[in-house]
Amino acid sequence: MEFGIVELSRLQFAATAMYHFLFVPLTLGLSVIVAIMETVYVMTNRPIWRQMTKFWGLLFGINFALGVATGITMEFQFGMNWSYFSHYVGDIFGAPLALEGLMAFFLEATFVGLFFFGWEKLSKVQHLAVAWLVAIGSNFSALWILIANGWMQNPVGAEFNPMTMRMEMTDFFAVIFNEVAQAKFVHTVSAGYVTAAVFVIGVSAWYLLKGRHTELARRSITVAAAFGLASAFSVVLLGDESGYSATHSQKMKLAAIEAMWETHDAPAPFNLVGFPDQEARETHYAIEIPWAMGLIGTRSLTTEIAGINDLVAQAETRIRSGMIAYDALMQIREGREATAPEVKATFEAHSADLGFAFLLKKYVDDPRDASEEQIVAASNDTVPTVWPLFWAFRIMVGLGFGFIATMGYFFYRSSFKGMEFPRPALWLAVIMIPAPWIAAEMGWFVAEFGRQPWTVDGVLPTAMSVSALSMTEVALTLAGFVIFYTVLFIVEMGLMLKYIRKGPFQDVEETDLWTKRHNDRLSGRPSAIQPAE
Amino acid sequence: MILHELMSYELLRIIWWVLLGVLLIGFALTDGFDMGVSALLPFVGKTDTERRIAINTVGPVWEGNQVWFILGGGAIFAAWPPLYAVSFSGFYLAMFVILAAFIVRPVAFKYRSKRNDPRWRSAWDWSLCISGAVPALLFGVAVGNVIQGVPFHFTDDLHTIYEGAWYMKFIGLLDPFSILAGVVSLSMLVMHGGAWLTLKAEEGPVQTRARAIGSVAALVAVAAYILAGLWLAVGIEGYAIMGDYVTGGPSNPLHFEVARTSSWLNAYTARPWIAVAPVLGVLGALLTFMGLRAGREVSTLLFSKLAIFGVISSVGLTMFPFIMPSSSDPQSSLTVWNSSSSHLTLFIMLVATAIFMPLILMYTAWVYKVLWGKVTAADVSEDSPSAY
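Taken in sequence, the protein lines are chains A and B. Position one of the first sequence corresponds to residue 1 (this note's numbering), numbered consecutively onward. Position one of the second sequence corresponds to residue 1 (this note's numbering), numbered consecutively onward.
Isolated chain B (complex conformation) (with noise of 0.2 Å):
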């Protein structure tokens, strides 16, 4: 097996890099919907029927929706296995919350509508909502802490000691920065979800609703994004490599010197070009309320999506090449050189991924078109099995 050898490991990471992004953003384009519009489902529906309207605009797909967040988890895992392990052990409860709400979602989705009781309905219809608003809402904060650093360091065999008591792993995550994230994030999946509901739910209240709801969640998601920006500015300082370094060398963060530096808005000079993100984020989610208030319907849900691109991205793209910082021990944070997978492992993920994700678009993007339509009270009529 030398055929790996032919890219370079450098180069294999950077792709990864990316690819990490593109997993996440794919995550927050499709399953960003699906915790919109349950978090919505309560207030754009108030009569049964309108709730299963809403309900099953995402009925059929949710499904091949979640897996993007499974395959988020499995990626990471293959690719930047010390993430893999630091994150999920070091976000432990959090994680638990998280998976707590994937847990009830798909149970809600397929349970809800198989007995009459109102009070059954009524019952998921509120887990519905609590578990799509609350990891919208977790994982802004989960990104807030990356950007401030996790309190963290390894030990010489590279085991994972966090610092702190157990509770601050849950409760400590809520400083009003990663609070501001979570609002950033909650804000933007619930204006996504109104632009579904909108081009996916027939005219009548639900949609009108989700648009108005919709519209004041983007306004709320551009204002407190620019208000993170700003808090970048002055009060949270970043993270540099210090001294020489190999970006093709072996996984092992305690190879490398890293401090704190003024601001991670540093970048911005660095590389100009990425600029063009936050742009994109703010731009986008200010045409998604335009497009939410005048009622268009399918350039809205891209605007929307190109909102969230933008946002997403000018994370990723201001910590390059940090991944997930250190901040009681700088020297242990996991950066794009230092925690990823083998040269070859990274080789053979790649080429699965070449191979595979293609497929995985084309017969999803088929099945979004044979589905393609607007979900009317007809479609929920109680004598239609099919329907949730």
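Isolated chain A, as found in the complex (with noise of 0.2 Å):
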């Protein structure tokens, strides 16, 4: 493959959206457990569940400013590096980030300063609104890029304007009820719950590791593995939902996480592992589940999962169609108005594969002179990298599993066994503290990486969609960005370590009502490990 802008502007693209997307996780799920935390406080009045807000509060806040900075890059960088989409899909795409603008932005940020700041200005009860409406506004924005995003995946209600020569919204309610938007958003806000319930988790468990703020660290394992269990749930249920509809939305992205080359009898199996081989269109070393696949993917044992093979060959179809669209498109941008109704009849006919023909844009000026070997190439195209999406997918499944069993055990140590855990699950949990974000970049990766070529779905190829930048400016933007990344996260290290290790701010000791309680409760079954409290 051969570098150049459109290489280029996708690196910088995946290397700011992935870092950015290191803190949106934590920003998310914290938020609500932080909520959470002082909701219980609200209603018990027990000063502990502060000192939790605010320990938990502070974190969150150092998280945030850096989700705050880097969102602000993915606003405007469709703008500067992507211009012909902003133009295409603008119509469209523009709108679920005005709106998460309008709904969720200013929710969250003007709270999010009252709620730090408001501590001596508010009463408990507003204090406590303040803390959900941050909660709620940063769910929010998930919400709309979700739609945003979705739309990216499954170009519903738009259709191409040949006036204008982009894509225009047809139908708003279409765009925001996309079912692949809503699966991805539900899918994602549960990622970000189980990533704070783990970091939660892992903190607390090295406070008891170390015997620090035991009090503050096993109440926040209560709260966290509850949290994270259902949220654990969660997220592999959404994402086999995403799954679903990813087989009538997105047939090659499925086909290509499967490494499924051809066409398999209903029910197709599932391919467990195996190391897929693009030249050869075959994977080998499969090992696989009967019957999973079609499972999965269609929830039923008679119908049939598309191959790749079978997809390219559509693709070629869909290819010479787009041809015949964009011949009438160029009579319709020649006679404007005056064009003959034949010719406008056509394009209808055909404007959904428009997309298609611009896929031969990459090797001919103008995709009417496209040869056969060229349509035949460009259909080739539509196929992206397969390993990395086959092996991204099962890392991110994999992990989604372990996160279920940690947080189901955590889950059953806090609940019935009067909040002791053993050593080794200590252990194991701060371990664990990195392994929800490698699984949601390798979420968001399979998500994207596996549109390609397309920015747009069968609308837009991500070759059309760069600005006209030269490779001098993308390459010191990226640098820029690198260096500048590359610095605050080590100050933002830095600075959550510091804060970690420091602890809160004071210990405070939990109500005397709640310990004779809790050693009651305790008591009555002899099969409990004494609390050492």
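One or more hints might be untrue.
As the list claims (entries may be wrong) - Calculated cross-link-like contacts (lysine to any residue; reagent style SDA-like; alpha-carbon spacing at most 20 Å):
#  : chain 1 : residue 1 : chain 2 : residue 2
1  : B       : 114       : A       : 176
2  : A       : 498       : B       : 388
3  : A       : 498       : A       : 61
4  : A       : 417       : A       : 502
5  : B       : 369       : A       : 119
6  : A       : 361       : B       : 159
7  : A       : 121       : B       : 202
8  : A       : 124       : B       : 371
9  : A       : 502       : B       : 115
10 : B       : 114       : A       : 499
11 : A       : 361       : B       : 158
12 : B       : 374       : A       : 120
13 : B       : 374       : B       : 299
14 : B       : 114       : A       : 119
15 : B       : 369       : A       : 129
16 : B       : 369       : A       : 128
17 : A       : 121       : B       : 371
18 : A       : 362       : A       : 327
19 : A       : 121       : B       : 370
20 : B       : 369       : A       : 118
21 : A       : 124       : A       : 226
22 : B       : 369       : B       : 302
23 : B       : 114       : A       : 487
24 : A       : 362       : B       : 158
Hints listed in this document are in silico derivations from the structure and should not be mistaken for laboratory results.
These two chains come separately, so use the hints to put the complex back together.
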């Protein structure tokens, strides 16, 4: 593959987006966990919960700052580096971004200041409301950005307008209630909740191992494990829902994730592991689970899932249809309102495949001049590189099941074993802290890399979406972002670790009444380990 | 979906042009004092306590204010996609510098006081200063360039192509008129920051210095603004749409004929009432100057807002219907009539704005009310963990 402006721009987008996504999941989840802790404080009036709210709130704040800072880049980068994309689909894609600002960013950003500065200025209930508004705002922003992203995966509710040379919205509600977007939203916020739960449990486990802040740590684990267990189930179930919706909206991505080269008789098997070979179009040493793929992808035993080879053949048909659409479009562009109705009708009939004609632009300026070889080459281009998708997906799913197990274990210990945890489990929790980030980044990778060669699936190829910039400019900004973000990351990690080491502002004792009840409950169950409190 | 047909496309475009102005002004009024205070920081605060007073006057609100910037980007994307595509890629390196400033600022606010090391704090203070002053300057420079026209053209497919070498897209922005426009915006926001500090900082050295520097900035802003107006009258060509054109047609710049005309200021003969904007701009800045000298607090901030409102709206009203003219290929110029979203999208976004903007204004006002009052040295003492 030749390395040009398209690849460099993609690299910059991937770097800045994945960096941004280091902070987002923790913001999503920790905002809710902190709000839950403060709710317990307001309901029970036990000071230790106020302490917990403040401590985790502080770590939330350090993380939030970088989430905001790196998010700004995302909002502007579409116009900076992907100006043709912005022109071509801005009519649809811009709306959720603006709504995100109106509904979500203002909410979280206006109240996050009050969360930190308002402890003395607000009543307890008011402050609790502020905490929840921050959490709701953060989660709303995930909703809108995933509606935008979901549209890139499954572009519904829009059609091409030859007079403006762009896609325009025809049905706003179709864009909002896009099934891909909805599944993605719940999957992503759940992933954020799991991330925060793993983080809280890991940090608390470290305190328990060191014998510090044990009161705070035990309660934090209790909250995080319950919250994390529910979220871990949700993240896996909704991931499955995403797979199900991909069966009809993004067949190629699904086939690539599965390294499924040939259409298999229903129900198709699931390749547990294997070594996909793009050249030979087969998967070596595959270990298959019979029926599993058919069940996940179609929820039936009789529906077929198309393999890559068949999908390439379909793409070829669509490219030829797209060439007809392109020809009609050129005539409409010349004639404008005066164009003959037959030409308009031809365009209408083939406009859904216009994007496939654009795939030829990589080879010829005018897709109508494409040779047979170029058409074949362009249809082969619709297959993303399989092996990274295949493995990234399996790492993500494996970790997902790991989270269910871990959360289940900690939930069991904190609910039924008096919040006592064996040391190896605590060590495991500390070691696991990076795992949800790995899973989240893998998830993004599968979603975005799996959509290639398109920015908007079937509508606009990535190669056409970029701005007319020079390599030098993009190289400069890419270097700038990398240096800048690296420095910020080091500073952020330094501060995080400093404040984790330092621990809460001051330790607060649990109330006597609660301690007595807790001990009574434990003594009623002889098998329970005696609390060390 | 035929509800949107109730409002004409032309009317929706005008409303969204007004809303574009509202967003830019909202951004300048709120985030403007954050930038002003940041730029002033090393000069109004000599000791750590003084600097923390200055920082904590904006501490709880800068985050919400910054959303005006982000919403500005999102709303331009949604309502004016060609403008979003052309301007951000055309001002590529300048945008990067602005982004860098907006990335450093949140981090500097949050992290500055989290260590006691004086070098750590001083480094963040200076990065706050630069990250406030540089965008304040560059926003004006960008406006200066837009007024003169930007060298770009569209291909038949509406790909945007920029003329000239890549470095000219940054160095080339810094022509004398645009630098003057940058001076207007920088001095105006410094003035605004001074007015904010006068209101929010307790009486003492911070407030005194803010008043002194702010009043100088107000005078500079007036002088630079008037000079730029004279320059427009004699030295800079304007643009005009030629021939018959439709205002409710498809958003395609190539369907319009545009030529350069004698002056932008012809707009003041065609629409004399728009003269109210520059008058408010100058008057507001002068009243801010007097207020800062006299030490009035609330009214000075209001006058400063009035000045910003007048100056920004004067640019939009003078250029109407142009949003971003092209100097190398006038036909590619972006106007209100050729660079909006579709009829449906404009309508939906208007409904959403009509619902959420009042809510935003309401809860923002409530937050400012909760935080009402001066920031004092006691508020920022080391044992107050909630302060920056």
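Legend entry - Hints breached by this structure: Checked against the structure, the hints that fail are numbers 1, 4, 21, while the rest are satisfied.
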